[in-house]
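Engineer: This is what each chain is made of:
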Amino acid sequence: MGIAKMLTLAATPAVSGRPRDEELDLFGLTHPGKVRSENQDHFLLCTVHQQMVVHETSLPNPDKLPLRGQRMGTIMLVADGVGGSHSGGEASQLAAETITRYVSGTMSCFHASGGGEEKEFFAALKSAAMEAHNAVRAESSNRPGEKRMATTLTVGVAVWPRMYIVQVGDSRCYHYWDGKLRQVTRDQTVAQYLVDVGALPPEQAATSPFTNVLASAIGGEEASPEVLRLDIAQRGCVVLLCTDGLTKHVSDDEIAEHLRTMQSSESVSRALLDLALDRGGTDNITILIGRANRADPANL
Amino acid sequence: MRLLELPTPCLVLDRSILERNLAVMSAIVRRHGVAFRPHMKTAKSAEIARLAVAGEAGGIAVSTLAEAEYFGASGFLDITLAVGITPERLDRAAALVARGMELTLITDDPNTAAAIAAHPAPFRALIEIDSGEGRGGVNANSGALLVLGRALGPRLAGVLTHGGHSYAGRSIPEMQRIAEQERSAVVSAAWALRAAFFPCEVVSLGSTPTAMHARKLDGVTEVRAGVYMFNDLFQAEIHSCSRADIAMTVLSSVIGRRPGDNQVLLDAGAIALSKDRSTQSTAHDAGYGLVWGLDGTPRYSECRIESLYQEHGIARGNRPLPFDELKVGTKVRIAPNHACLTAAAYDRYHVVSGTDEVSVIWERVNGW
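From first to last, the protein sequence lines stand for chains Z and H.
When you line the first sequence up against the working numbering, it's residues 1 to 300, in that order.
When you line the second sequence up against the working numbering, it's residues 1 to 368, in that order.
You may find that some hints are simply not true.
[Said to hold, decoys possible] Here are the in silico distance ranges between beta carbons for each label pair:
hint: 1; chain 1: H; residue 1: Ala168; chain 2: Z; residue 2: His86; range: 19 to 29 Å
hint: 2; chain 1: H; residue 1: Ser359; chain 2: Z; residue 2: Glu120; range: 54 to 64 Å
hint: 3; chain 1: Z; residue 1: His86; chain 2: H; residue 2: Gly367; range: 40 to 50 Å
hint: 4; chain 1: H; residue 1: Ser171; chain 2: Z; residue 2: His86; range: 41 to 51 Å
hint: 5; chain 1: H; residue 1: His284; chain 2: Z; residue 2: Gly198; range: 50 to 60 Å
hint: 6; chain 1: Z; residue 1: Asp253; chain 2: H; residue 2: Pro199; range: 57 to 67 Å
[Claimed, not checked] Straight-line Cα separation of at most 25 Å, DSS-like style, residue types lysine-lysine; simulated pairs:
hint: 7; chain 1: H; residue 1: Lys216; chain 2: Z; residue 2: Lys147
hint: 8; chain 1: H; residue 1: Lys275; chain 2: H; residue 2: Lys216
hint: 9; chain 1: H; residue 1: Lys216; chain 2: Z; residue 2: Lys126
hint: 10; chain 1: Z; residue 1: Lys147; chain 2: Z; residue 2: Lys34
hint: 11; chain 1: Z; residue 1: Lys180; chain 2: Z; residue 2: Lys34
hint: 12; chain 1: Z; residue 1: Lys248; chain 2: Z; residue 2: Lys180
Derived by calculation from the structure, the hints in this document are not laboratory data.
Glycine is no exception: its CB is placed at the ideal position from the N, C-alpha and C atoms.
My request is simple: use the sequences and hints to build the entire structure.
Structural biologist: Right under this line is the structure:
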């Protein structure tokens, strides 16, 4: 079905508290859609761990050593490239690689501080987004005559019990808990700006010619990263990141309904993808879903 | 008074849509930190001008001396006449200056520039720059720019351009590119003048599509736009608005029916609608206009006016029309291709606000 990349971690019920690695249910996919010839979206879904590297040992079974520690955090990232030819895809790739390099290093420091340096972490995440912006701008300036490269970037950095979200552009992060779906990020589009300043009623935003015009983009004329904090302490809450290839065709209510009855992150991701494709699949579609499974009372 | 009671054809203006359109453009320009000068060439109405300048610096642009006189009499004293003037009209323009108006003229002609400089009236003047449309104006990099600067002498206030070639654009990225071309040309001209020690306080540009989609306006001091107030089917096709943003329609009556041909005959012909066919070159050819319901919504699906005579319009539906509803005498509203041209046949607007109740009538000025 054209799924380019995916990652799954096993899911097993567990008690509340900080979820263990094996309790995470993470899944991501991307698809070019039915109209675009190229997939300019990129995504990353990973956990960041401390690792012990054995160089030499006299121990007979070094493989049995706990080489990989429990995760420090989880990174969920989607980037939707914009621009002609291949430049959009290259922009989203470059932005994803740059910010991941920067964030994984910063996360180690934040984790080591026990989460006590939150203000600095916010600033570091914003700097990471600007680092990606500068990298894409620099690459773009090396290509005179080509259309400017740009990309959206939505990154969730989970350091339990919180997720820090960096937002540039109009890809989205949703939080689902207790039957309610909430769009955590704000679309950085001109239409949303017009709604924010009271010039456009919210119900008109979807039909506005500005609904897909980015007011802020990595590599664009302007990048205005926003950093948000999301509480993910509730066991069973779901975080969904996606590009607008999904939300052009699938409503928030429909996403909520799929999450309400979800069996696994993978099954919901695939069902939402199928829905978007059935309705035209006019854009590249990327969906990432993460949750820590609810504790199973039978196992308590 | 209700729309049903009005004689047809006549103009209907939905104030709630108008005000939304004004707010959107105002907010778009404010994002760039640039002054906005609404162009009254489409609306030609003092009441609408008062709404359009609310929250702005107060200046307007007009396209004819008749408009300048009308708006001057209505209390607007900062006006740019954004169409080139001829020397013999300067005395008429001077009468406005004598009444206290700060009138800014534009020119791309050295003789006219000399006449403006020699005239006793203290006009301000802008050099018109061609930013790619090829209609009026001098090239930003040409020697003609400095010749005009010298000819205007102390009357020179800056430069002005109109990115009218944006009307040939068909996508938002294309509009963004043309907007940058427009900005780049007029800002280059400004710097060329300054480099030669000419004053260049005003750097003015605008068209509805480029104003809407400009990514940056560095070096620009003011934006002008006009049709955005009403919008029309062509503007919807070139991504300046959606069809739901069309504020002005023509109220018309059904005067004949041909169910066999799925056609109705309307009392809105070429004079009532204009023969503008601008949507012909777009993805959705709307004929000479689209027939909407009395409530201003497209209740007849895509019912296009396919033929026009002086006082007749023939509309055909793309789906079977509801002839039980469309009887002789039934009133409909027609969304125009080009609001500026359609409005030119009328002397007033019947103003509604999302209902069929006419709350007020606003006059408009025509002629030159």
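Engineer: Go through the numbered hints given earlier and state which of them the structure violates, listing their numbers in rising order.
Structural biologist: 3, 4, 5, 8 and 11
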